[in-house]
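Residue numbers (this note's numbering), protein chains in the order written: chain B, 1 to 315; chain F, 1 to 439.
Please note that a few of the clues may not be correct.
Calculated from the model, a selection of chain B residues having no Cβ within reach of chain F, i.e. all distances over 10 Å [unchecked claim]: (1) LEU9; (2) GLY58; (3) LEU63; (4) ALA75; (5) GLY150; (6) MET151; (7) ASP184; (8) LEU211.
Residues from chain F shown here face chain B by an in silico Cβ test under 7 Å; the list is partial [to be verified]: (9) VAL51; (10) LEU78; (11) LEU144; (12) GLY145; (13) HIS159; (14) HIS206; (15) LEU311; (16) LEU345.
Bear in mind the hints are in silico, worked out from the structure with no lab data behind them.
Just so it is clear, CB atoms sit at the ideal spot from N, CA and C, and this is done for glycine as well.
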Amino acid sequence: MQVGLISLLDGLVYGMLLFMLASGLTLILSMMGVLNFAHASIYMLGAYFAYQIAQWAGFWPALVIAPVLCGAIGAAIEVWGLRRVHHNGHIAELLFTFGLVFIIGRGVQMTWGMLPMAYRVPASLDFPLFTLYGENFPAYRGFMLLVSAGMLLATWLLLKKTRIGLIIQASLTHPGMVSALGHDVPLVFTTVFAGGSFLAGLAGVIAGNYLTTESAMADAMGPIVFVVVIFGGLGSLAGCFIASILMGMVQTFSVVIDYSIADVIKPLGVTFAANDLFGEILTIPVSRIGPLVPYALLILILVFRPRGLMGTRET
Amino acid sequence: MSDAVEVRAAPARIATARTVHYWPWLAALLISVVLPWLFYDWQHARHAGFVVSVLSQTGMMIIFALSFNMLMGQAGLLSFCHSVLFGLAGYSTAHFLNAAGNGDLPVPMELMPLLAGLTGLGFGAVFGYVATKQRSTAFAMITLGIVQLVTTAATMFHHFFGGEGGVSTDRMIGRSLFGLNYAHSIEVYYLIVAWMLIAAIGMYYHTSTPLGRMANACRDNHERAQFVGYDPRMVRFVQFALSGFYAGIAGGLFAITYEIVTFDAVAAPLAANALLMAYIGGATTFFGPVLGAILITLMQSGVSLMSNSWLVYVGVLFIAMVTFAPAGLTGIVLEHAPIARAGLLRRLTRPYARVLTPGAVVLIGFIGIVELLSFLTIGMAQGKRFALFGRTIDIYSATPWLFSLVCLFGGGFWLSRESRRFKRVWDSLTEIARHGGTR
Numbered sequence: 001m002q003v004g005l006i007s008l009l010d011g012l013v014y015g016m017l018l019f020m021l022a023s024g025l026t027l028i029l030s031m032m033g034v035l036n037f038a039h040a041s042i043y044m045l046g047a048y049f050a051y052q053i054a055q056w057a058g059f060w061p062a063l064v065i066a067p068v069l070c071g072a073i074g075a076a077i078e079v080w081g082l083r084r085v086h087h088n089g090h091i092a093e094l095l096f097t098f099g100l101v102f103i104i105g106r107g108v109q110m111t112w113g114m115l116p117m118a119y120r121v122p123a124s125l126d127f128p129l130f131t132l133y134g135e136n137f138p139a140y141r142g143f144m145l146l147v148s149a150g151m152l153l154a155t156w157l158l159l160k161k162t163r164i165g166l167i168i169q170a171s172l173t174h175p176g177m178v179s180a181l182g183h184d185v186p187l188v189f190t191t192v193f194a195g196g197s198f199l200a201g202l203a204g205v206i207a208g209n210y211l212t213t214e215s216a217m218a219d220a221m222g223p224i225v226f227v228v229v230i231f232g233g234l235g236s237l238a239g240c241f242i243a244s245i246l247m248g249m250v251q252t253f254s255v256v257i258d259y260s261i262a263d264v265i266k267p268l269g270v271t272f273a274a275n276d277l278f279g280e281i282l283t284i285p286v287s288r289i290g291p292l293v294p295y296a297l298l299i300l301i302l303v304f305r306p307r308g309l310m311g312t313r314e315t
Numbered sequence: 001m002s003d004a005v006e007v008r009a010a011p012a013r014i015a016t017a018r019t020v021h022y023w024p025w026l027a028a029l030l031i032s033v034v035l036p037w038l039f040y041d042w043q044h045a046r047h048a049g050f051v052v053s054v055l056s057q058t059g060m061m062i063i064f065a066l067s068f069n070m071l072m073g074q075a076g077l078l079s080f081c082h083s084v085l086f087g088l089a090g091y092s093t094a095h096f097l098n099a100a101g102n103g104d105l106p107v108p109m110e111l112m113p114l115l116a117g118l119t120g121l122g123f124g125a126v127f128g129y130v131a132t133k134q135r136s137t138a139f140a141m142i143t144l145g146i147v148q149l150v151t152t153a154a155t156m157f158h159h160f161f162g163g164e165g166g167v168s169t170d171r172m173i174g175r176s177l178f179g180l181n182y183a184h185s186i187e188v189y190y191l192i193v194a195w196m197l198i199a200a201i202g203m204y205y206h207t208s209t210p211l212g213r214m215a216n217a218c219r220d221n222h223e224r225a226q227f228v229g230y231d232p233r234m235v236r237f238v239q240f241a242l243s244g245f246y247a248g249i250a251g252g253l254f255a256i257t258y259e260i261v262t263f264d265a266v267a268a269p270l271a272a273n274a275l276l277m278a279y280i281g282g283a284t285t286f287f288g289p290v291l292g293a294i295l296i297t298l299m300q301s302g303v304s305l306m307s308n309s310w311l312v313y314v315g316v317l318f319i320a321m322v323t324f325a326p327a328g329l330t331g332i333v334l335e336h337a338p339i340a341r342a343g344l345l346r347r348l349t350r351p352y353a354r355v356l357t358p359g360a361v362v363l364i365g366f367i368g369i370v371e372l373l374s375f376l377t378i379g380m381a382q383g384k385r386f387a388l389f390g391r392t393i394d395i396y397s398a399t400p401w402l403f404s405l406v407c408l409f410g411g412g413f414w415l416s417r418e419s420r421r422f423k424r425v426w427d428s429l430t431e432i433a434r435h436g437g438t439r
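Just chain B, with the same shape it has in the complex (with noise of 0.2 Å):
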């Protein structure tokens, strides 16, 4: 019990962070048909910018201008890049991504070294939040709760409630329709993956101190942030969210299971040796292969149910 509410709470914060990245990617995805591989690396460069500032400036600060910074870049990347390769078609733009995902890479790498920054928790946020079951919940957590829930609320009001969120949704399921009633679409575009790479950069400030800042933090996000997207499904800001939850506690409780299918089946009579592949298969605990689950899931729903968890359309 002890070690499943802290899973909890630590799952759920896991899982907002996931879904800070992926409703960028979502959007991105769902509105331009765009799959942003470089959406990661944005998300690198968000923790990066944000050590950099608070080198010079401190914590609070970086918290705001480093995510603006990597929605500026968004922005670029945008208008500089993605239109001129827009005319090729989609695979032309998601290899321009692709590519971008090299250069960003290895060029933190030569910016900053190969090494982790020292990116550390704020002092003022650095304290036991409480105590449950004579665990400490850091207050740093909290803070991550908190700011992704406030994003996840600005986000939501942004798009039902305000006149832009009105129009981004059209341009969502109807671009042509809503160029014909004479707004620029284009912007809008650029106005959306700035956003998302906003949001990716704000994920990148409040996770860099949390998990590390390192040079292959992209790597190890990107694929489980496709996984969110692919999972809760095209054009569906719930359906992300709910599969960001999934995928973070998903995550967090794998690692505290110790059971294996073996296991599962051993009242049956059944027992298994590991001596063998399929009986490494059934011997392994669920706490190992942790890391497969969200990838299995991912090829699951997509034969299972092409279009997602609450997706609109097929992808």
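Please arrange chain F on chain B, whose structure you already have, making use of the hints.
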């Protein structure tokens, strides 16, 4: 106007596919047989090990890139799990070799790649069944899931994948059709050459089979292909499985050459490599990936030794290709064809010289900045020094930085002016060539 040109060009292309040309294959055979001997060390009577290993790597990457292009160029399927087919066949071959070494598997060395290919075909059928349910972006995403799944599994399950250390093997299984024992890497190289040619010829003739044509049709307009009565899903599936066969051959050759297969062989960077090769070489032509494979392998084994930041160069090259030349290097060459036919190619020499000079300046500036930056951080951590023509360059003095920046921005400005001029010349020449052709 452009439609007329397309229609004229199409029968010509089919005609070249129909008439059988032997000389490119013979030339390829001749070049690949002779090439290692150009670097032969006559004094010590032995082959240059580095050259032979680079050539071997190039050979298997050519197969791999061509098989990747069966999906990307021919069927319009962007697969990120091509390395999975390559790597799983590689792992299987390592196990086959171990079995053959123990005497359990009576297969001669020369046929091992075939066995690997069949393994690749099997895995291609399994993963293809899942992935080809979708097309376009969704297909790419499923393959992304597959590659992550298999890579994570490769570090977890020890019986098949050998964990982090991989599966090692010994290629001297003592069974050969020609009495070779494959102790020397040059023997392995010739095995690779033989299988490379077999695979390349197979894939080349596959492009003119009905299946290959249908793959093109489904790439260009899958709805119409459906109306004609074909099942695009089936076409994708068979194409995927077949490309798995050839990727499997490459993977088998990998296992034979290196005698060890680790999870790098299934991981995403290798699939990304295939993509880079096919795209930079030119995915729209059959031989484009060959060019790309040669180029990227040479860069990988050459530039990566000299520079820490070669991935930046690859990334920039890739983005430049995606933006300015989506048909790849062979595409650039082929665009000259109408001008060459009209006999106007010589008029391009001066414009080319004028545009390539600032291009070179920009390149020098860019490389300068990248190298200076990377030496400031990564190079310093590795204790290297920045040397050019034997002279050490002080990375903390302002001169190299200023020089590079001036080259980059001044050259960039110059280049943008010259490229506008070049475009005018180019457009007028293509216009003349077009009119000359239709008249």
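Verification of the hints:
1. LEU9: 26 Å, holds
2. GLY58: The claim holds: GLY58(B) sits with its nearest Cβ about 24 Å from chain F, beyond 10 Å.
3. LEU63: Holds, since 26 Å exceeds 10 Å.
4. ALA75: 17 Å, holds
5. GLY150: 30 Å, holds
6. MET151: 25 Å, holds
7. ASP184: Since the minimum Cβ distance to chain F is about 23 Å, ASP184(B) lies beyond 10 Å and the statement holds.
8. LEU211: 18 Å, holds
9. VAL51: 28 Å, violated
10. LEU78: 6 Å, holds
11. LEU144: 6 Å, holds
12. GLY145: 4 Å, holds
13. HIS159: 4 Å, holds
14. HIS206: Given a least distance of 22 Å, the restraint on HIS206(F) is violated.
15. LEU311: Constraint on LEU311(F) satisfied, holds at 5 Å.
16. LEU345: Because about 27 Å separates LEU345(F) from the closest Cβ in chain B, which is outside the 7 Å limit, the hint is violated.
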